[in-house]
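A.B. asks: Given chain A, work out where chain B should sit, using these hints.
Here is how the chains run, residue by residue.
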Amino acid sequence: MQQERDLNVVIATDCGSTTTKAILIEKVDGTYRQTFRGEAPTTVEAPFEDVTRGVLNAIQEVEELSGRKILEGERIITPAEGNRGVDIYISTSSAGGGLQMMVTGVVKSMTGESAQRCALGAGAIVMDVLASNDGRLPHEKIERIRQLRPDMVLQSGGTDGGTVSHVVELAEFIAAADPKPRFGTGFKLPVIYAGNKNAIDDIQRILGEKTALTITENIRPTLEKENLMPARHKIHDLFLEHVMAQAPGYRKLISWCGADIMPTPGAVGLIMQTIARKQGINVVGVDIGGATTDVFSVFDEVFNRTVSANLGMSYSISNVLAEAGLENIARWIPFDIDEGDLRNRIKNKMIRPTTIPQLLDELKLEQAIAREALRLAFIQHKQLAVGLKGIAKERTLSDVFSQERDGSLINMMELDLLVGSGGVLSHAPRRQQSMQMMIDAFQPEGVTRLAVDSIFMMPHLGVLSTVNETAATEVFEKDCMIYLGTCVAPRGKGKKGSQVLSFEMEFQNGRREHGTMDVGDLRHFPLGLNETAKLRANPAKGWDLGYGSGKPVEAVIHGGVVGIVLDTRGRPIQFAADRPAQIADTVRWNKATDQFPI
Amino acid sequence: MAHSYTPGLRVTPFATLQRRRILPLKGEVTVRVGDLVSRDTVVARTELPGDVATVNVVNRLGIEAHQIEHYMVKKVGDSVASDELIAETRPFFKFLKSTVNSPIDGTVESISTVTGQVILRRPPKPVAVTAYVDGRVIEEIPDEGVVVETQGAFIQGIFGIGGEAWGKVRRVVESHDSVATPSSISTDMGGCVLICGSLVSAETINRAIAVKAAGVIAGGIHAGDLKDLLGYDLGVAITGTERIGTTIIVTEGFGAIAMARRTFDILSSCEGMVASINGTTQIRAGVQRPEIIVSRPPSPSDREVATSSTGLQIGDPVRVIREPYFGRLGSVSALPSDLQTVESETRVRVLEVALDDGEKVIVPRANVESIAL
Chain A
1 MQQERDLNVV IATDCGSTTT KAILIEKVDG TYRQTFRGEA PTTVEAPFED VTRGVLNAIQ
61 EVEELSGRKI LEGERIITPA EGNRGVDIYI STSSAGGGLQ MMVTGVVKSM TGESAQRCAL
121 GAGAIVMDVL ASNDGRLPHE KIERIRQLRP DMVLQSGGTD GGTVSHVVEL AEFIAAADPK
181 PRFGTGFKLP VIYAGNKNAI DDIQRILGEK TALTITENIR PTLEKENLMP ARHKIHDLFL
241 EHVMAQAPGY RKLISWCGAD IMPTPGAVGL IMQTIARKQG INVVGVDIGG ATTDVFSVFD
301 EVFNRTVSAN LGMSYSISNV LAEAGLENIA RWIPFDIDEG DLRNRIKNKM IRPTTIPQLL
361 DELKLEQAIA REALRLAFIQ HKQLAVGLKG IAKERTLSDV FSQERDGSLI NMMELDLLVG
421 SGGVLSHAPR RQQSMQMMID AFQPEGVTRL AVDSIFMMPH LGVLSTVNET AATEVFEKDC
481 MIYLGTCVAP RGKGKKGSQV LSFEMEFQNG RREHGTMDVG DLRHFPLGLN ETAKLRANPA
541 KGWDLGYGSG KPVEAVIHGG VVGIVLDTRG RPIQFAADRP AQIADTVRWN KATDQFPI
Chain B
1 MAHSYTPGLR VTPFATLQRR RILPLKGEVT VRVGDLVSRD TVVARTELPG DVATVNVVNR
61 LGIEAHQIEH YMVKKVGDSV ASDELIAETR PFFKFLKSTV NSPIDGTVES ISTVTGQVIL
121 RRPPKPVAVT AYVDGRVIEE IPDEGVVVET QGAFIQGIFG IGGEAWGKVR RVVESHDSVA
181 TPSSISTDMG GCVLICGSLV SAETINRAIA VKAAGVIAGG IHAGDLKDLL GYDLGVAITG
241 TERIGTTIIV TEGFGAIAMA RRTFDILSSC EGMVASINGT TQIRAGVQRP EIIVSRPPSP
301 SDREVATSST GLQIGDPVRV IREPYFGRLG SVSALPSDLQ TVESETRVRV LEVALDDGEK
361 VIVPRANVES IAL
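First to last, the protein sequences are chains A and B.
Sequential numbering of the first sequence, starting at 1, is according to the numbering used here.
Sequential numbering of the second sequence, starting at 1, is according to the numbering used here.
In isolation and in its complexed conformation, chain A is listed as follows:
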């Protein structure tokens, strides 16, 4: 492993689409802590058209708050000496809409999917997946490539020694479309070829002149093997050389940085993987923004990331309604609302995305929509976070009777930690609202810890982990994570009112809680940060807490700013069929977990 750089003071920024956020990390009494933060509007667009303006403004705010002199004019002072300067400046960026890519493969569910996973894992938004078998006619594919204007194209397809003609055909389509990059007119579009090595000469001949072509190792050399890292590294290189270098002010920004600038979601993915590896746990993370929702998962050390480009809480809030449907949103709303009124309110949020719910009912509406945005984004994630398709498998009799449902790598019973970030989760007026939104949307099974990112510093920590992993993980544990508590939820379903489990909890201070829970129940027990309790639970037949149907469980559970939530509403959650009963249920659940003041 690369040696860690010795750092005492770090300034890190994340240049988002609207806001540039700076944090200061300092070694305090031998431990790395995030000490101050500042933010300023991002200045990629007119009238400034120079990202460094926003960076300087955000750092200036940190200077004012911390009393540390970091800037000398427009220069970042390095290294740190006393209360002056920093040892390194690092940054991530998603300004200007992030890294937008188009990927191609031969078979959509095989190399197409591998290419998609490769680009998403590198932090890109995948605008479209073109494949030989995607059902579109050749001229439709060409038209689509021409319309999209991606920042970069990743072309995959064919295992080594497999089909050449299909791969070459897609290259011919790209050449015919002659696509132009989004930034920098007059520049050639970066294309990464990571397909069948036998087609390299043809690809070079077809795309070599028309595009900025880079050849790398096949992402799917055999059907049984996915090899995403070489192509991901190329994506990062080209992101810096082509995309970032064309964006306003980025050349200067790159020259200031002590480590490569990373796409924001790529950096978040990195810190998630680091934490999962260091703690030996399975993690799911979500970042719900105004326009998009990113979901990250690390299960058994396999990392996946998806981005739902049009599921968000402001710019694309209306799309949540379009995709989830009115009924699915309404089932979380604890009062009656006219359909037309709900539609108008959602559209008004879309056109005025920065507004804040002043009324309690408006907050309840937004949180209902957030549940659906998160739920849909997670469904999309589960669809892509799958094992490799196309492999010939020997199936045994036990496989036939196994619980494996759809080949997804995401097993909610095995999930250890669920982390949320993004305005609606990080800034909910009550932490129990964040916890409940995540429980309702993700429906964790068994025993799962939940946390939120306090101020969305995971991107900064991701890039920091590339230069000093210790610093990144220490700050992650101490300042980034706000542990909410633990959710205990058995998998199963049953008739409303029938018993699901009996439980007993023994707290560190000697307090004991015990009782039974029925289908449709939700209970909350306070248990503070750094506190634990012993849980003994006896699920009824048909209910599983991780050890099989009806099998008792003993576990040590962790508290947090909210505490313990016992959830026996069923997995999936069982909803009442009629609206008045739905309202009664949501009111009861909200009351049980102290969600709202009234």
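Read the hints as simulated data drawn from the structure, not as lab findings.
A couple of the hints might just be wrong.
Computed Cβ-Cβ distance ranges for the label pairs, DEER-style [as the list claims (entries may be wrong)]:
(1) A/E339 with B/S331: 34 to 42 Å
(2) B/D228 with A/G528: 48 to 56 Å
(3) B/R60 with A/V386: 34 to 42 Å
(4) A/E339 with B/V33: 52 to 60 Å
(5) A/L529 with B/R347: 19 to 27 Å
(6) B/P182 with A/G497: 48 to 56 Å
(7) A/L326 with B/D51: 32 to 40 Å
(8) A/L326 with B/E343: 19 to 27 Å
(9) B/G34 with A/L326: 51 to 59 Å
All of these numbers come straight from a predicted model, not from anything done at the bench.
Beta carbons are placed, not taken as given, at the ideal position from N, Cα and C, and that holds for glycine.
C.D. replies: Structure of chain B alone, referenced to chain A:
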């Protein structure tokens, strides 16, 4: 003095404006700096590459891909007419002959010896950019387009559908809070930009489309009606390419909301003049709001208010843009600096607004919009 930064839409009887008129690809600029142009003057033109058609010649002729060049009648760069022969086999017995004809008029772009595919391209499509507003060319961007400067009334809407259009301003209702009905729209309003007061229904818009109105301007529209008009539920606010038969600009928001009196009064004062309108809306990075520009020469009473970025100050006119006072107008009466907890328990920076009826209310700063003059 206390102030607050807040987004705002411009609503002004007189402003000097510049509009960049740029080609999608490089081409030829047809006007020069200093030229007077009208809204329909072509200022730049180019040709977009034509659409392509693909023909899998090897499958059609039953040959191997590497043999394709031997069977092609046309070569790369050759012109072809629709139905013209492009490839054929030459068997000993003529009745065994297979042929492939071009499905389009165009040129042969590529012949692949790997896939056996021939790509044909239709002739380029001419594209012209007009001045959009009446004004003067003040800057030329070589090979790309120009900047046109104009003066006149300028109103930004909050949301729109459809692209650029122009037409005479016609008032359909008497006051800013009246609702236009289909019967308010007469056949002589074809080609006009209709000022429709508070709420415009799908029925009224369909009537405007039927008489071929250039545009419809209203305070509000129901989201359900928009869905009916478009035929789908708009998920993301990126608009401008819709083709529903007219351009719609909403000045206040979704629901039954009266058009701001100031907006209505300015538009009324422009009745009979030609407005250039654009419904294009993009609410993400690079925000673009729909607009109404009525170009006219300055009069002695015109006073241009400089736009400033100093933010909201006490006395500034604002519109509340979220419940419970959604759509209400007033002026800033206090800017307390401490965070306050509002009903939803959200702790936010707030301001006090003296509403037009005299009532003073507290709202989050994020929930007001300055009405920029």
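A.B. asks: Each hint needs a verdict: does it hold in this structure or not?
C.D. replies: To see whether the hints hold, each was checked on the structure:
1. The hinted window of 34 to 42 Å between A/E339 and B/S331 holds, with their beta carbons roughly 35 Å apart.
2. At about 53 Å, the CB distance of B/D228 to A/G528 agrees with the hint of 48 to 56 Å.
3. At roughly 38 Å, the beta-carbon separation of B/R60 and A/V386 lies within the given 34 to 42 Å, and the hint holds.
4. Hint check: A/E339 to B/V33, Cβ distance near 54 Å, so the stated range 52 to 60 Å holds.
5. Separated by about 21 Å at the C-beta atoms, A/L529 and B/R347 satisfy the suggested range of 19 to 27 Å.
6. Hint check: B/P182 to A/G497, Cβ distance near 54 Å, so the stated range 48 to 56 Å holds.
7. For the pair A/L326 and B/D51, the supplied restraint of 32 to 40 Å holds, since their beta-carbon distance comes to about 39 Å.
8. In this structure the hint that A/L326 and B/E343 lie 19 to 27 Å apart at CB holds, the actual value being about 25 Å.
9. Against the hinted window of 51 to 59 Å, the Cβ-Cβ separation of B/G34 and A/L326 comes to about 56 Å, which satisfies the hint.
The earlier numbered hints are all upheld by this structure, with none contradicted.
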